[in-house]
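Asker: So the sequences go chain by chain: X and C. Per my numbering, the very first residue in the first sequence carries number 1; after that it's consecutive. Per my numbering, the very first residue in the second sequence carries number 1; after that it's consecutive.
Be aware that one or more of the hints could be misleading.
For lysine to any residue, the following SDA-like pairs were computed, each having C-alpha atoms within a straight-line distance of at most 20 angstroms [stated by the list, open to error]: (1) Lys181(X) to Thr71(X); (2) Lys147(X) to Asn84(C); (3) Lys147(X) to Val41(C); (4) Lys181(X) to Thr78(C).
Honestly, the hints are just simulated from the structure, not real lab data.
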Amino acid sequence: MQRRVAVLLLLFSSFSLVYSSIAYYSLIRPPAQEFMGWGVFSASGSLSNYFSGVGANVTVGETLNWHFAVTNQMGSIQYVQVVYRLGNGTSVNPNATVPGSTVPQLGNSSIFIPNAQTALVNFTWVITSRNPAGGMVFINMTINGQKFSPSVGAVAGQRFRFFFELWTYDVASNSFQYGYKGQNSRVGVPLQVWFNSL
Amino acid sequence: MRFRHWALLGILLLLIFSFSATGENASGQSAQLDDARSKLVQAFVLVQQADLHGASPAQISLLASNLNLALYYEENATQLFAKNVTASNIYASKSVELSNATSFQAQSIASTARTQSFFGQVAAYSLAIAAGFGSALLVLEVHRLNDLFRKMKLRRMRLD
Numbered sequence: 001m002q003r004r005v006a007v008l009l010l011l012f013s014s015f016s017l018v019y020s021s022i023a024y025y026s027l028i029r030p031p032a033q034e035f036m037g038w039g040v041f042s043a044s045g046s047l048s049n050y051f052s053g054v055g056a057n058v059t060v061g062e063t064l065n066w067h068f069a070v071t072n073q074m075g076s077i078q079y080v081q082v083v084y085r086l087g088n089g090t091s092v093n094p095n096a097t098v099p100g101s102t103v104p105q106l107g108n109s110s111i112f113i114p115n116a117q118t119a120l121v122n123f124t125w126v127i128t129s130r131n132p133a134g135g136m137v138f139i140n141m142t143i144n145g146q147k148f149s150p151s152v153g154a155v156a157g158q159r160f161r162f163f164f165e166l167w168t169y170d171v172a173s174n175s176f177q178y179g180y181k182g183q184n185s186r187v188g189v190p191l192q193v194w195f196n197s198l
Numbered sequence: 001m002r003f004r005h006w007a008l009l010g011i012l013l014l015l016i017f018s019f020s021a022t023g024e025n026a027s028g029q030s031a032q033l034d035d036a037r038s039k040l041v042q043a044f045v046l047v048q049q050a051d052l053h054g055a056s057p058a059q060i061s062l063l064a065s066n067l068n069l070a071l072y073y074e075e076n077a078t079q080l081f082a083k084n085v086t087a088s089n090i091y092a093s094k095s096v097e098l099s100n101a102t103s104f105q106a107q108s109i110a111s112t113a114r115t116q117s118f119f120g121q122v123a124a125y126s127l128a129i130a131a132g133f134g135s136a137l138l139v140l141e142v143h144r145l146n147d148l149f150r151k152m153k154l155r156r157m158r159l160d
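Between the sequences and the hints, there should be enough to build the whole structure, so can you do that?
Answerer: Structure below.
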């Protein structure tokens, strides 16, 4: 009788262990690579044809309706900020670890994005005027209804470029941080679009 | 001499009072705007916690819409601050109100999600243990079942 009870206990603990493991794996979230993806889209909704004219030329008064599509696959809702800067051919690029802080920030747009969703952020801009000075051209512009006078100019108005950076809110530091939280470190995903001012 | 000291002290106190009475902090932002920003972040943190505790995507989407509306109010308040402080304060208080409501909803959803998750875990592990006991019993008593089937077969044969 005692032997039977011992066998029953042994079998019970073995089976329970197996079934509990099954229960554990069915309850936990499946492991997934966390990332954020984004792109700057033209008015036609594509990743090309940003400019209606010839090449990347933008004339004064020409309104360009772009938008950012930001996808959140971080496993939870994110507070995202798109930072935009205006640089030229010699500006230092932002990269996967460092933002383009040497170029002054023009502005930003923020949005809350739930997990596994894509949000659209408008970026409507127009060059309102050009100010040539000593071979350089400085531009005044309106972005999303706000007026900006960037301090960066370009030789003959050629090879301006927008830097777009994705920042996410970090609860631990209580501030926006460049990129998103990767497995070991933060991952920056900057974008840039070249244009000429005519 | 003594009069000069008192005069200096009076001017100093007057300056301190005038700076503190403007209702703006050193960066030129109103207290309402600062409050709107901090309440928005607080609401976001609570919504993120609810999300991590297993709230449904539909619930989180709804809370995210509220957060985006509160953010829109806060941005309006910031833009209007230089032109129209009264309008800015109205938007800031709207943002605070919505952020507070969202925080409250997020806390309630997080609590429900935590409870559901707990009961789900209890049910799953209870089922695992019951299945373990049933399986052990089945293995141990399988010979009795065999005997039972054999007897049933014999009875059927006798009846035929």
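Asker: Take the C-alpha atoms of lysine 147(X) and asparagine 84(C), compute the straight-line distance between them, and say whether it is at most 20 angstroms.
Answerer: holds (18 angstroms)
Asker: Against the 20 angstroms threshold, does the CA-CA distance of lysine 181(X) and threonine 78(C) hold or violate the hint?
Answerer: Violated, at roughly 28 angstroms.
Asker: Is the hinted pair lysine 181(X) and threonine 71(X) satisfied, with a Cα-Cα distance of at most 20 angstroms?
Answerer: Within the cut-off at roughly 14 angstroms; holds.
Asker: Going straight from one Cα to the other, do lysine 147(X) and valine 41(C) come out at no more than 20 angstroms?
Answerer: The hint is violated at about 27 angstroms.
The earlier numbered hints that this structure contradicts are 3, 4.
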